[in-house]
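Trainee: One-letter residues, chain by chain:
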Amino acid sequence: MSLNIYGQKLESRLLIGSALYPSPQVMKEAILASGSQVVTLSLKRQNPAEKSGQQIWRYLQEIVKQTDGHLLPNTAGCKTAKEAVTLAHMSREICQTDWIKLEVIGDDYNLQPDPIELLYAAEQLIKDGFKVLPYCTDDLVVCQRLYDLGCQVIMPWASPIGTGKGLMNPYNLETIRFRLPDATLILDAGIGKPSDACLAMEMGYDGVLLNSAVALADNPVLMAKAFGQALQAGEQGYVAGIMEQRQTAHPSTPTLDTPFWHQN
Amino acid sequence: MNIAIVGAGLMGRLLALSLLRNEQLRGEQLRQKQSQSVTITLFDKDNKLAHQSAAYAAAGLLTPLGESLHCSPNIVSMGFESLGLWPTLLDSLHEHTFFQQTGAIMVSHEQDKGDYQRFVRHLKNNYPEQVSYSLNRAELLELEPEIGRSFNHALYLPQEGQLGNRRLLVALRKQLAKESPHASTGNRLNWLSECQVVGIDVGEHRSKVTYLQGSEKHSQSFDLVIDCRGTGATNNNSNSACAPLADLRSVRGELFQLFAPEVNISRPVRLMHPRYQLYIAPKGKGFYVVGATEIESDDDSPMTVRSAMELLSAAYSVHPGFAEANIRQHVSQCRPAFSDNQPKITVQDTLIQVNGLFRHGFLIAPVVLKQTLAVIENSINNTETALPYADLFS
Numbered sequence: 001m002s003l004n005i006y007g008q009k010l011e012s013r014l015l016i017g018s019a020l021y022p023s024p025q026v027m028k029e030a031i032l033a034s035g036s037q038v039v040t041l042s043l044k045r046q047n048p049a050e051k052s053g054q055q056i057w058r059y060l061q062e063i064v065k066q067t068d069g070h071l072l073p074n075t076a077g078c079k080t081a082k083e084a085v086t087l088a089h090m091s092r093e094i095c096q097t098d099w100i101k102l103e104v105i106g107d108d109y110n111l112q113p114d115p116i117e118l119l120y121a122a123e124q125l126i127k128d129g130f131k132v133l134p135y136c137t138d139d140l141v142v143c144q145r146l147y148d149l150g151c152q153v154i155m156p157w158a159s160p161i162g163t164g165k166g167l168m169n170p171y172n173l174e175t176i177r178f179r180l181p182d183a184t185l186i187l188d189a190g191i192g193k194p195s196d197a198c199l200a201m202e203m204g205y206d207g208v209l210l211n212s213a214v215a216l217a218d219n220p221v222l223m224a225k226a227f228g229q230a231l232q233a234g235e236q237g238y239v240a241g242i243m244e245q246r247q248t249a250h251p252s253t254p255t256l257d258t259p260f261w262h263q264n
Numbered sequence: 001m002n003i004a005i006v007g008a009g010l011m012g013r014l015l016a017l018s019l020l021r022n023e024q025l026r027g028e029q030l031r032q033k034q035s036q037s038v039t040i041t042l043f044d045k046d047n048k049l050a051h052q053s054a055a056y057a058a059a060g061l062l063t064p065l066g067e068s069l070h071c072s073p074n075i076v077s078m079g080f081e082s083l084g085l086w087p088t089l090l091d092s093l094h095e096h097t098f099f100q101q102t103g104a105i106m107v108s109h110e111q112d113k114g115d116y117q118r119f120v121r122h123l124k125n126n127y128p129e130q131v132s133y134s135l136n137r138a139e140l141l142e143l144e145p146e147i148g149r150s151f152n153h154a155l156y157l158p159q160e161g162q163l164g165n166r167r168l169l170v171a172l173r174k175q176l177a178k179e180s181p182h183a184s185t186g187n188r189l190n191w192l193s194e195c196q197v198v199g200i201d202v203g204e205h206r207s208k209v210t211y212l213q214g215s216e217k218h219s220q221s222f223d224l225v226i227d228c229r230g231t232g233a234t235n236n237n238s239n240s241a242c243a244p245l246a247d248l249r250s251v252r253g254e255l256f257q258l259f260a261p262e263v264n265i266s267r268p269v270r271l272m273h274p275r276y277q278l279y280i281a282p283k284g285k286g287f288y289v290v291g292a293t294e295i296e297s298d299d300d301s302p303m304t305v306r307s308a309m310e311l312l313s314a315a316y317s318v319h320p321g322f323a324e325a326n327i328r329q330h331v332s333q334c335r336p337a338f339s340d341n342q343p344k345i346t347v348q349d350t351l352i353q354v355n356g357l358f359r360h361g362f363l364i365a366p367v368v369l370k371q372t373l374a375v376i377e378n379s380i381n382n383t384e385t386a387l388p389y390a391d392l393f394s
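Going down the list, the protein sequences come from chains A and B. Under full-length UniProt numbering, the first residue of the first sequence carries the number 1, and numbering increases by one thereafter. Under full-length UniProt numbering, the first residue of the second sequence carries the number 1, and numbering increases by one thereafter.
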């Protein structure tokens, strides 16, 4: 079983961010410990001028090479479709990849994606030949529209970026999974605990993208490992087929030999 | 004996002064070698005001616990050790440099309370032996009356300190002039400012330094070369293809110097922020330094509007009096860091490289200095005497 991103098969179902770590060395160790093969990065914040930030860039490339993985540039910090499209084109040139994590923020307070600008940007980028991985809210209709536009991968949030609040609306997330059975669904943002990631996988999500939960842990490397294992457990649980819940208790051993005065 | 120091930032100046005073020699060696005077040549691309130095674009915070969330425990240990070493070092200078150890305050706005709680938990788990006090609004008002109204809770870290970083660079410049030639050691300093080093050829017995003075190229051999160039030693710096340190990178930092006579804050205040470690450092007479961003970039162009807005709104949110402050200076400078964000002292024959002090220059400089002097001692005498902070630099 592997994760399918636009036809590219990946063994790990964890996508991991490259921000907020105590040092590049810790970032590298955490990414390697997680087993992730997709590392996201933001170009906007790291490149105030042309050709700057080359050292960290080289460092990221080394990590990706070591994991036989991929870089996934994002458009973090963009607030309009136009801005996101421009940055996506720049990223494609610099990172030599047509993958783009499309992020268009509509609200400064909770960094909630702007669904309208997101759809405009996705439409344009698909026309321009990009493989778009849009970050969106857990709104079924927005996810449906993105899928109809040609986004094979959809990334609804669990909760706002960096909050660590986990899956705020499991019903919405389950509905999206049920209604878009053929889309690659990756739960993005708001993950706090390994059990959050496990829960998403048990719902049948294809993968999880996270950053703060690992980078801000007391021990990022150990937490990265924990997430790698949580994803595996959730995925295997989903594939194995989770039993249906029942209203009443059912003994797992026969009760024929229980004396009648012990029953009830 | 001829020793070259390349780079006259904080470390270069401190090392030059220590070498003038023969602080690399101890006990028996000191008596034996006192007769051989040392000539120190200090090369720097900057003028003597050091405005291009990372130490100039700093706040001089000596706050090991405040930094501890984002750095290794080694840096915290070096920071505490250095806090004890600074007073003696500063007392040995003729010119007064501001130093205080009256603690620092950590605050957060309600929306960043998660980060604040994380910091409190981090101190409790990792530094349980260090003293810190949780303050409520009334206690904060008592300690810092002018910021108490803005926050419901704060953390007081009583061991933290600060010094006048720019004054120290000036004091060291004057001290170097005053002590050369040194009255008791006879050691001399030859300071070649605005002089770009373009080559360091490392040899087993001597190393050759090639430099540009004006448009003229010169070469000189030294018994020992100590490289303290900071970001000048990064691999992709087109001006310094000599002796590059492969793992070294630049991290851009931006800060403001504000003049706010209406604001009265007496000790450093740190503000929790999702990306940076923002601080307001009082510098006396109404001056404050507000910093610092931390961006993975070797770009040292002027401050961006985004950074300016983030830093100034942070200052204003701590004290509304900053709205009326004058912006005296905005500074952007790159700081040298290795991938683990810890300093390194490397030795290759007659070349010693001291680098990677990152955003912790003033915090850890006295310890790095002591360790470097011990490395120099071993190098000069071809000995392997135990280094004072071997565990922190391993």
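Think of the hints as simulated: they come from the structure by calculation, not from any bench. All of these numbers come straight from a predicted model, not from anything done at the bench. The beta carbon of each residue, even a glycine, is placed where N, CA and C say it ideally should be. You may find that some hints are simply not true.
Quick partial rundown of chain B residues pointing at chain A, CB under 7 Å, derived from the structure [what the hints assert, rightly or not]: (1) 46; (2) 70; (3) 94; (4) 249.
Per label pair, the in silico range of CB-to-CB distance [said to hold, decoys possible]: (5) A/66 <-> B/323: 38 to 44 Å; (6) A/93 <-> B/170: 57 to 63 Å; (7) A/83 <-> B/214: 44 to 50 Å; (8) B/274 <-> A/93: 28 to 34 Å; (9) B/122 <-> A/89: 39 to 45 Å; (10) A/182 <-> B/122: 41 to 47 Å; (11) A/237 <-> B/126: 50 to 56 Å; (12) A/202 <-> B/146: 49 to 55 Å; (13) B/126 <-> A/93: 27 to 33 Å; (14) B/199 <-> A/106: 37 to 43 Å; (15) A/65 <-> B/186: 41 to 47 Å.
Trainee: A separate judgement is required for each hint: does it hold in the structure or not?
Mentor: We went through each hint and held it up to the structure:
1. 46: violated, 21 Å
2. 70: Nearest chain A Cβ about 5 Å off; hint holds.
3. 94: For residue 94 of chain B, the interface hint is violated, since the closest Cβ of chain A sits about 39 Å away, which is over 7 Å.
4. 249: holds, 3 Å
5. A/66 <-> B/323: 38 to 44 Å: violated, 50 Å
6. A/93 <-> B/170: 57 to 63 Å: violated, 46 Å
7. A/83 <-> B/214: 44 to 50 Å: This hint holds: roughly 47 Å between Cβ atoms.
8. B/274 <-> A/93: 28 to 34 Å: holds, 29 Å
9. B/122 <-> A/89: 39 to 45 Å: Holds - the Cβ-Cβ distance for residue 122 of chain B and residue 89 of chain A, about 41 Å, lies within 39 to 45 Å.
10. A/182 <-> B/122: 41 to 47 Å: holds, 44 Å
11. A/237 <-> B/126: 50 to 56 Å: Given a distance of about 35 Å, which is not inside 50 to 56 Å, the answer is violated.
12. A/202 <-> B/146: 49 to 55 Å: holds, 52 Å
13. B/126 <-> A/93: 27 to 33 Å: With a Cβ separation near 43 Å, residue 126 of chain B and residue 93 of chain A fall outside 27 to 33 Å, so the hint is violated.
14. B/199 <-> A/106: 37 to 43 Å: violated, 54 Å
15. A/65 <-> B/186: 41 to 47 Å: Given range 41 to 47 Å: violated, Cβ gap about 55 Å.
The structure fails to meet hints 1, 3, 5, 6, 11, 13, 14 and 15 from the earlier list, while all remaining hints are met.
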